[in-house]
Amino acid sequence: MNSRIIIVNIIRWCILLFVQIFLLKNMGFYDLSTPFIYILFLLLLPFGIPNILLYLLAFGTGLTLDAFYDTMGVHATACVVLAFVRISFISISLNRDAIDDPEPSLSYMGFQWFSLYAFLCVIAHHLVLFFLETFRLSEIGYTLMRCGLSCIFTLLIILLVEFIFYKRTSR
Amino acid sequence: MRNLWIFVSRYNAFFLFIIFSLIGIYLTVKNNAYQRSVTLNSSNEVIGTAYERLNIFKRYLNLGMVNDSLAAENAKLKSQLLALNTIDTAKDVKVIDTLTDQQYTYLAAKVVKNSVTLRNNIMTINKGSLDGIRNGMAVIAPQRGVVGLIRDVSEHLATIQSLLHKDTRISVSLKKNHALGSLVWGDGNFDIRKAFIKEVPNHIKMYVGDSVVTSGYGSFPAGIFVGKIIKPNVATNDNFLSGELNLVTDFSTLQYVYVIKDKKAEEQKALESLVKPNE
Numbered sequence: 001m002n003s004r005i006i007i008v009n010i011i012r013w014c015i016l017l018f019v020q021i022f023l024l025k026n027m028g029f030y031d032l033s034t035p036f037i038y039i040l041f042l043l044l045l046p047f048g049i050p051n052i053l054l055y056l057l058a059f060g061t062g063l064t065l066d067a068f069y070d071t072m073g074v075h076a077t078a079c080v081v082l083a084f085v086r087i088s089f090i091s092i093s094l095n096r097d098a099i100d101d102p103e104p105s106l107s108y109m110g111f112q113w114f115s116l117y118a119f120l121c122v123i124a125h126h127l128v129l130f131f132l133e134t135f136r137l138s139e140i141g142y143t144l145m146r147c148g149l150s151c152i153f154t155l156l157i158i159l160l161v162e163f164i165f166y167k168r169t170s171r
Numbered sequence: 172m173r174n175l176w177i178f179v180s181r182y183n184a185f186f187l188f189i190i191f192s193l194i195g196i197y198l199t200v201k202n203n204a205y206q207r208s209v210t211l212n213s214s215n216e217v218i219g220t221a222y223e224r225l226n227i228f229k230r231y232l233n234l235g236m237v238n239d240s241l242a243a244e245n246a247k248l249k250s251q252l253l254a255l256n257t258i259d260t261a262k263d264v265k266v267i268d269t270l271t272d273q274q275y276t277y278l279a280a281k282v283v284k285n286s287v288t289l290r291n292n293i294m295t296i297n298k299g300s301l302d303g304i305r306n307g308m309a310v311i312a313p314q315r316g317v318v319g320l321i322r323d324v325s326e327h328l329a330t331i332q333s334l335l336h337k338d339t340r341i342s343v344s345l346k347k348n349h350a351l352g353s354l355v356w357g358d359g360n361f362d363i364r365k366a367f368i369k370e371v372p373n374h375i376k377m378y379v380g381d382s383v384v385t386s387g388y389g390s391f392p393a394g395i396f397v398g399k400i401i402k403p404n405v406a407t408n409d410n411f412l413s414g415e416l417n418l419v420t421d422f423s424t425l426q427y428v429y430v431i432k433d434k435k436a437e438e439q440k441a442l443e444s445l446v447k448p449n450e
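Residue numbers (my numbering), protein chains in the order written: chain A, 1 to 171; chain B, 172 to 450.
These aren't lab readings, by the way, just hints derived from the structure by calculation.
For each residue, glycine too, the CB sits at the ideal point set by N, CA and C.
Hints may contain errors.
What the hints assert, rightly or not - FRET-style restraints, in silico, Cβ to Cβ:
1. A:S138 / B:E223: 14 to 22 Å
2. A:I21 / B:S382: 40 to 48 Å
3. B:V209 / A:D101: 43 to 51 Å
Produce the complete structure using the sequences and hints provided.
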């Protein structure tokens, strides 16, 4: 069971980063809305993962993305923030001892919980990402607009992917 | 000590978050040229601006005199140059006239008051009717480019209705084929470095980089460089084309201008007033 989770996550990491780097990097509506689907990997890491491992994975994934986007450290910071939001939200909304589901996916947790969870994580990640990228407050209106539109786009794709891989039997 | 360690491990998520995000931000600032320059520049900018202010002040203490003499000399040279350029060669009667027939003369004037931020901008210069300035005379900038037209004149001062005014229209033409148009500013774009050329006939082809010069039909002498087209062939709803152009005149730093006196202006006006409109 344990090795299966690891293999599934490695495969998921490879596919999501491949899609992000080679397909979605070239996408964007009027330079305003850019989807960042790779954070789905961080969202779907299993519940039992230690905090330090989660942070290391988030940082490493971010750095990999940075290497391809030529933005050293921007994605890494955004992913670390996402990991913090993820830990906080899970510890607030769920009882730590009573978790028997393996991972926080749509098929295990239900639409309501998962969409709120994904929304909070995505918005935290995008806010940090776009503000670090712009790095000044004078263009705050444009940055917020880019951030909001990209959030909608990313969230739509994440929900779409989750519905495609929905496992009815496990619920 | 033990309590501290318990505290840290209890809230390890938060402390790990601080550590990792600090590493991330450090990497961001250190390895990206843009973010580094922003961080460095905002501290340098304060010091640099202070020095710059001081320098400008120092420079202007002794440069006023030099400026005056240079402007006067420049006006004299320009008048001579124009005298050589505007000899009328199409005369069929030989008149013994030792003076060249010079139509335009230049008069240097200092800008006393300037504005560029309003919708309709007016400048004031320190020459007036005693210096021979009349309503409607053309005004150009020292290096190149047009400034506007004289609006009101008092004895020692005059106001210029600059190009940055909703009523100013200057007759211009494309340098390459002399297609006429009129130069206007504003119309949804209040950038002082840009203006529009309007009412160009539809069959004329404009390209990016085409030079626009004055046509010579208004108070301006022909051939004064106005600017270069940056956005050609903007279709309007009438039978004419428009284009956007970059002005060479920098209105924000104007200190001296040249007023152009046209010797034949009165004569031309009198002659043209004989033609009744709608005839």
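Each hint, compared with the structure:
1. A:S138 / B:E223: 14 to 22 Å: holds (21 Å)
2. A:I21 / B:S382: 40 to 48 Å: The hinted range 40 to 48 Å holds for I21 of chain A and S382 of chain B, with Cβ atoms some 47 Å apart.
3. B:V209 / A:D101: 43 to 51 Å: holds (44 Å)
The structure meets every hint from the earlier list without exception.
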